[in-house]
Amino acid sequence: NAGVTQTPKFRILKIGQSMTLQCTQDMNHNYMYWYRQDPGMGLKLIYYSVGAGITDKGEVPNGYNVSRSTTEDFPLRLELAAPSQTSVYFCASSTRDLSNEKLFFGSGTQLSVL
Amino acid sequence: AQKVTQAQTEISVVEKEDVTLDCVYETRDTTYYLFWYKQPPSGELVFLIRRNSFDEQNEISGRYSWNFQKSTSSFNFTITASQVVDSAVYFCAQGTSYGKLTFGQGTILTVHP
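Chain order of the listed sequences is A and B.
Just so you know, the first sequence maps onto residues 1 to 114 in my numbering.
Just so you know, the second sequence maps onto residues 115 to 227 in my numbering.
Worth flagging that the hints you see were computed from the coordinates, not collected in a lab.
Treat the hints with caution; some may be incorrect.
Unchecked claim - Pair ranges (Cβ atoms, derived):
1. Ser-185(B) / Gly-40(A): 23 to 33 Å
2. Asp-143(B) / Pro-39(A): 38 to 48 Å
3. Ser-185(B) / Asp-26(A): 39 to 49 Å
4. Thr-134(B) / Ser-67(A): 19 to 29 Å
5. Lys-184(B) / Thr-70(A): 37 to 47 Å
6. Leu-80(A) / Ala-195(B): 23 to 33 Å
7. Asp-56(A) / His-226(B): 22 to 32 Å
8. Lys-117(B) / Gly-51(A): 27 to 37 Å
Said to hold, decoys possible - Straight-line alpha carbon distances no greater than 25 Å define the calculated PhoX-like cross-link-like pairs of lysine-lysine that follow:
9. Lys-130(B) / Lys-44(A)
10. Lys-57(A) / Lys-184(B)
11. Lys-9(A) / Lys-44(A)
12. Lys-44(A) / Lys-102(A)
13. Lys-102(A) / Lys-214(B)
14. Lys-130(B) / Lys-57(A)
15. Lys-214(B) / Lys-117(B)
16. Lys-9(A) / Lys-102(A)
17. Lys-117(B) / Lys-184(B)
18. Lys-184(B) / Lys-14(A)
19. Lys-214(B) / Lys-184(B)
20. Lys-9(A) / Lys-152(B)
21. Lys-9(A) / Lys-57(A)
22. Lys-102(A) / Lys-184(B)
23. Lys-102(A) / Lys-57(A)
24. Lys-130(B) / Lys-102(A)
25. Lys-152(B) / Lys-130(B)
26. Lys-9(A) / Lys-214(B)
27. Lys-14(A) / Lys-214(B)
28. Lys-44(A) / Lys-57(A)
29. Lys-14(A) / Lys-117(B)
All C-beta atoms in this analysis are idealised placements derived from N, C-alpha and C, irrespective of residue type, glycine included.
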């Protein structure tokens with residue numbers, strides 16, 4: 001049971017570098033999400049997707065881009081890394097309806113921008 | 115806009131004590147969902163409970179219990195006879211549709227032996 005898989009687990013970037021955080025799920029969930037968790041804070045929604053080819057902004061989308069070409073994959077792209085993007089990033093997925101479902105989270109990616 | 119407030123930033127207890135984590139939420143929606151997640155030191159998020167806004171029945175699961183009071187917009191979490199393994203960060207969250215959750219800032223619970 002793989003669930004939601006995120007890679008890499010840790011990464012250090014220099015200011016201005018770019019990278020892609022990978023997220024894949026094997027539960028055939030339509031909905032996928034990217035959250036970030038800053039130290040001592042709760043999670044904030046960056047982007048979400050309700051299905052292949054459909055994405056939308058969350059609460060803190062600036063500096064990020066996403067794509068959803070397949071049901072399984074939902075990569076998060078950082079184009080010009082900034083120190084403010086130092087955070088732990090969580091990918092999650094769910095079936096369509098929260099009335100009888102929960103979010104399934106990946107194990108997180110710890111990103112430092114120096 | 116939704117807002118979730120967890121009153122306690124940190125709580126420290128001795129093993130076997132009971133502990134209650136408070137959660138207050140704000141929303142204008144009539145249908146919404148409330149969650150508690152646990153984040154142990156390993157960092158992953160572990161689902162504990164989901165509650166629908168139209169179901170105010172309290173729930174007990176082993177040493178865990180949840181008290182949902184719509185009148186005060188609260189969804190508190192109690193651990194009875196705490197154990198060292200309960201040490202973690204606990205997040206309360208509220209959502210209205212399709213997984214767009216608003217999280218509280220978390221409560222760090224430390225249980226000392």
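**OP:** Starting from the hint list further up, note which numbers the structure goes against and sort them upward.
**Re:** 2, 4, 6, 7, 9, 10, 14, 18, 24, 27, 29
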